[in-house]
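Those protein sequences? They're chains A, B and C, same order as listed. In this text, residue positions in the first sequence follow the working numbering: the first is 1, and each later residue adds one. In this text, residue positions in the second sequence follow the working numbering: the first is 1, and each later residue adds one. In this text, residue positions in the third sequence follow the working numbering: the first is 1, and each later residue adds one.
Among the hints, erroneous ones may be present.
[Said to hold, decoys possible] Using 16 Å as the maximum straight-line C-alpha spacing, the simulated EDC-like pairs for lysine to aspartate or glutamate come out as follows:
1. B:Lys544 with B:Asp563
2. C:Lys14 with C:Glu79
3. A:Lys82 with C:Asp71
4. A:Lys18 with A:Glu141
5. C:Lys131 with A:Asp98
6. A:Lys82 with C:Asp97
7. B:Lys5 with C:Asp97
8. B:Lys21 with C:Glu79
9. B:Lys123 with A:Glu41
10. C:Lys5 with A:Glu292
11. A:Lys11 with C:Asp127
12. B:Lys630 with C:Asp127
13. C:Lys73 with A:Asp56
14. A:Lys267 with B:Glu752
15. A:Lys38 with B:Glu277
16. C:Lys131 with A:Glu95
Hints are computed from structural coordinates only; laboratory data are not their basis.
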Amino acid sequence: MYDVEAIYEAKTVAEAIKLRQEHPKAVIIAGGSDVLIKIREGKLAGCELISIYGVDEIRGVKLEDDGTLRIGSLTSFSHITKNELIQKYINVLGEAVDKVGGPQIRAIGTIGGNTCNGVTSADSASTLMAWDAIIELTGPEGVRRVPIEKFYLGAGKVDIHEGEIQTGVLIPKTSYENCKGHYIKYGMRNAMEIATTGCSVNVRLSPDKKIVERLRIGYGVAAPVPIRAHKTEEKFNSAPVSMQTAEGISKAVLEDVNPRDSWRASKDMRLHLCSEMAKRAFIEAVRLCGGEI
Amino acid sequence: MIVGKSYARVDAYDKASGRTKYTEDLCDRHALVAKIKHSNVAHAIVKSVDISEAEKVPGVVKVLTCFDAPDCLFPTAGHPWSTEESHQDICDRNVLTKHVRYYGDDVAAVIAEDDIAANRAIKLIKVEYEVLPFVLDAQEAMKDGAPQLHEKYKNNVLAHTQIKKGNYEEAIKEPGLIKVEGWYETPTVQHCHIENAICYAWEDNGRIYVTASTQIPHITKRCIAQALGVEWGKIRLFKPYIGGGFGNKQDALYEPLCAWLTTQVGGRLVKLDCQREETFANNRVRHAIRYHIISWLRDDGTLAARKVECFSNQGAYASHGHSICAKGLGSFNQLYPCENFEGDGWTIFTNRQVAGAMRGYGMPQAVFAVEAHTEDICTKLNLDPIEYRRKTVMPVGYVDAFSKNELYSDTFNQCLDKGIKYIDFERKRKEYANQTGDVRRGIGVSLLWYNTAVWPIALETSSCRMVMNQDGSIQVQVGETEIGQGADTAYTQMAAETLGLPFEKVHVVSCQDTDVTPFGTGAYASRQTYTAGMGVRGCAEAFKQHILEVAYRYTRMQPYLMDIKDGNIVRTTDGRVLMTLGELATKTLYDREHNEHLTMEKTTQIKSNAYSFGCCFAEVEVDIPMCQVKLLNIINVHDAGILINPALAEAQVHGGMSMGIGFALSEKMLYDEKTGKLLNGNLLDYKLSTMMDHPHLEAQFVENAEPTSAYGTKGLGEPPVCPVSSAIRNAILNATGVAFNELPIRPHLMYEKFSQAGLF
Amino acid sequence: MAQYKLVTCTINGKKRSAMVDVRASLTDMLRNDYGLTSVKKGCEVGECGACAVIIDGESFNSCIYLAIWADGKNITTLEGLTHEDGTLSDIQQAFVDETAIQCGFCSPGFMIEAESFLQNGKIYTDDELRKLLSGHLCRCTGYENILRAVKKVMHSRAKTE
Ligand SMILES: Cc1cc2nc3c(=O)[nH]c(=O)nc-3n(C[C@H](O)[C@H](O)[C@H](O)COP(=O)(O)OP(=O)(O)OC[C@H]3O[C@@H](n4cnc5c(N)ncnc54)[C@H](O)[C@@H]3O)c2cc1C
Ligand code: FES
Ligand code: FES
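Bound conformation, chain A alone (with noise of 0.2 Å):
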């Protein structure tokens, strides 16, 4: 049994906005797997929870009319990956979600609780940064809608207004379009397992798939939240699609990463991976979009 004062279940988004205005103090719970491990371990004992599990309305994939991709909060990891517009569109944010524990975890975990915990070993984080997501979330005065990389204020700390839950994921067609990424996920084992450091890498080649139009490269762990590689971004934008640019990026990747030593890894080493793992990201979503190195 659980250590909780008081459930409250919202079956729609209105009804959730209420219970938040009415307990503040309340903590939200959606799949729970974030939230129930730390109520066990004594971290949340005793709160009270929001249960958003029951609002369906924030349930599944759609497109909407200008093209925006809109995940809603409570897909499950398995139900993105298993859908098809996330296929056509965003295929790595299906791989990478599919790297989540085991399937039963993914069965249960939302996208939503993954973007709120705030970590940075999420892994739907860094694909979603490298994406250029829109966080939405919906409150008492509306709709507000967030990129993703000003909803992260630091570690488990994101920009969640009271009264407010998150609604949806968005990824505007500007973002997808012409556009593949792979991710890689470095686990000390191959399931079960939270990311050591992750890297998410797409790019858009030119017509002749000779230049890197545009690269975007995310990470988690690399940093208290989850980052972007801006700086080796600008740096090989139009750059020619090749073995030299790979090991480029590898390099200047170090520039934008800051890592810490933790019991899990030192510093040093998730620098090193870091590095090869932006080459290796690159290598692979370029040839997702038909280029060759």
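Fit chains B and C with the ligands to the supplied structure of chain A, relying on the hints for placement.
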């Protein structure tokens, strides 16, 4: 023949249908719940415990502290007791302690109506400590001035033993010898049985009843009595099906505490259910052992002299103590005999959690050290690793002076040949000779030798009872427990074989009840088929003789003219079936003249034991820049004598290999140097292999019947773990040229070593 | 004060209702209220898979699933795979025949998982099967015979489709 056939497990149907009851499934759901207050310091004296806030939590029934606990020191090891004091296990524990010796030691307990109330109360207990300095490393703990854990053990040395043969100092003077020296280190790992340790206790008619997930019911019963300072007969212990043990449950864990707690609440039912985090932080672990090996070799690789030192990290309490270190130390000069040998083994207390028995009992550590070292010798002297091993390993006819165990057949060569053929060793070794590039492959080998059971170091005994039903079927009871390894099925086959019954007519009573089950010490030391095998056969032979004597009354045939075949009394001279066993059992049970219930009970003492042999071959692919190893192929070949049940034997080997793979590549308990706290005590941070981390596991056998064994078998439970880590390590050496002398070879270590070797 | 909720759901094909403490996990509810003890507890934090059950066709770790969420759901535990007459389902029988069970504590989770993805008669590669089963830990078998048993059922179901 019933022995030698792959019958489905006798418990398979129930386990497959989900109706098998394990400890928690049997416990009344209204039981009171006990939780333990673990220390958050590694070494301290408890000054006071304030329970006033904890007692106020609604639902709390009782809060008890180390100041309430009985002043009885007790041992926990799953060893047979000894009537000689010098051989007795060390008594160094209290159910709750005033002297905290590791981070997580047990200082108080709460009994409550549910787990939420208990957990809330635990948090509110305030403990005042006089904090002492602590030490985590074994060799540091031996130094003068290091923090002392137990008064009686100076420099924290629990025990030091020495083995000497020939004259090492003289032998190394031989001119032209080549010296190969290395330090080898193994990690602290945990058993990770999927069912956590759990027990519940209550009082009944002035006695304390305990149901526990244990491998050793009769021993745990004794430990509980010692802990509570009550007569041993006051305790009755039940052991239902258990969800794995691997040695952790070959120790009295929290059964003594739970038994004491019930006495503090008027004998009400109290459940003490270890959480996974507690299984990691507060149960037993495998001893981390550091080895120092110096070998002096002639050009051709023959050993002129060898010296071995082992430093075994015992953690806070004695538990199984020095026997693990000593077992490993004793193996060096048996696996590769050397005329001039010196070995020193130390077991040292440190402020870490307690090391106890774990599958392999010191041998996975020792085999890693000696087989890594053997490979280092081959590398340095440029010798073929297979030929070298064939030449220097324990020869056929070898007899150990102490145990009188013997190597009867050419088993090492037979095992090696099978492994070489399966994995295509020679070809791949050549193919992988001169690789460059980021991703390289390698192949490696390791031998294995294992001394099963515990004679002559300790008592070996097995008692068996057989009781016949009216239909001629029997119940069989032994104290050697089913813990998942398939022992009950093996006993069924053995009893059926010797008594002449069909397999289906033998019912093994799986649950041990110390009031009812004849005395036997439990499941450990890979001794079940060998030791309990003799117990079963001893009882079955006597029972058969007795049955034939009773049959004489009804058939008027001399017992020596009869036999039991397939459940019938048969006249051997012409093969005629005289009566069925069912007819005999019914007749005699209801016979108004000569009434008798057909039963037999017999204790068999065993004064022999057997060596078990094998080898492992592993093939790996190393991604150097990514610091990752992929295991491509692996095979274990074992000579465990005659296989009672080949399918179950194969399954045993798979499980052992899996544990060996984790030991080699991923499993390690990490401790915070600043506090002594375990950092990764859960199944997410502790890297047990998942199905995605294994290749196909190949298990093959060589069946050389063991002459001393009731059914030709030798042990197989533990050996499969032992050779795996060294085979993988040697394969990585073959691939990269980097010799890893520490386990596990996880990415962190690879990063460090590959950097040093300039491979990036 | 403890808070209760009426939870109505289908368990192993039968409609069931019970007043459930809202703090209970689905594991707690299935074990304590319905005596379905094949649902095992190995960690209670989603790391071992021993508690897995099928909810509306997908496998979940019931230990990190609130019992109140089960309302309206269709739940299958290992008990539900066994036929009414006590005979075993093909998956259970394959686990027996392929010696895929040792201590048996992880086995319910594995069998439930296999049932969840073998329902559609699809053929998977070995690597896919390993991934599909990777959320379950077993310390006894090295997974070898478990994989063998699951493959056997997969092929026999594909044949009879
Ligand atoms: C065994 C195990 C393995 C795991 N492995 C991985 C892994 O490999 N990779 C990985 O990334 N994660 C992993 N996780 C973590 C977890 O599964 C994911 O973070 C998951 O996405 C959380 O989703 P949830 O719906 O379960 O979140 P919850 O636990 O319900 O919530 C997480 C946080 O987000 C908040 N929240 C959730 N939804 C909303 C919303 N719509 N609006 C506002 N706030 C919200 C909650 O208040 C809470 O703070 C693992 C967890 C477990 C137990
Ligand atoms: S008990 Fe639920 S996953 Fe371990
Ligand atoms: S059979 Fe024992 S844990 Fe899997």
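Going through the hints against the structure:
1. B:Lys544 with B:Asp563: Satisfied, since the Cα-Cα distance of roughly 8 Å is no more than 16 Å.
2. C:Lys14 with C:Glu79: Roughly 12 Å between the alpha carbons, so the hint for Lys14 (chain C) and Glu79 (chain C) holds.
3. A:Lys82 with C:Asp71: violated, 25 Å
4. A:Lys18 with A:Glu141: holds, 12 Å
5. C:Lys131 with A:Asp98: Status holds; Cα separation ~10 Å.
6. A:Lys82 with C:Asp97: Violated: Lys82 (chain A) and Asp97 (chain C) sit about 33 Å apart, past 16 Å.
7. B:Lys5 with C:Asp97: Given that 16 Å is the threshold and the Cα spacing comes to 13 Å, the pair holds.
8. B:Lys21 with C:Glu79: Holds, at roughly 13 Å.
9. B:Lys123 with A:Glu41: Holds, at roughly 12 Å.
10. C:Lys5 with A:Glu292: violated, 60 Å
11. A:Lys11 with C:Asp127: Answer violated: Lys11 (chain A) to Asp127 (chain C) is near 39 Å, above 16 Å.
12. B:Lys630 with C:Asp127: Holds - the C-alpha atoms of Asp127 (chain C) and Lys630 (chain B) are around 14 Å apart, at most 16 Å.
13. C:Lys73 with A:Asp56: holds, 14 Å
14. A:Lys267 with B:Glu752: holds, 12 Å
15. A:Lys38 with B:Glu277: holds, 14 Å
16. C:Lys131 with A:Glu95: With a Cα-Cα distance of about 13 Å, the restraint between Lys131 (chain C) and Glu95 (chain A) holds, given a limit of 16 Å.
Violated hints, listed in ascending order, are 3, 6, 10, 11; each of the other numbered hints is respected by the structure.
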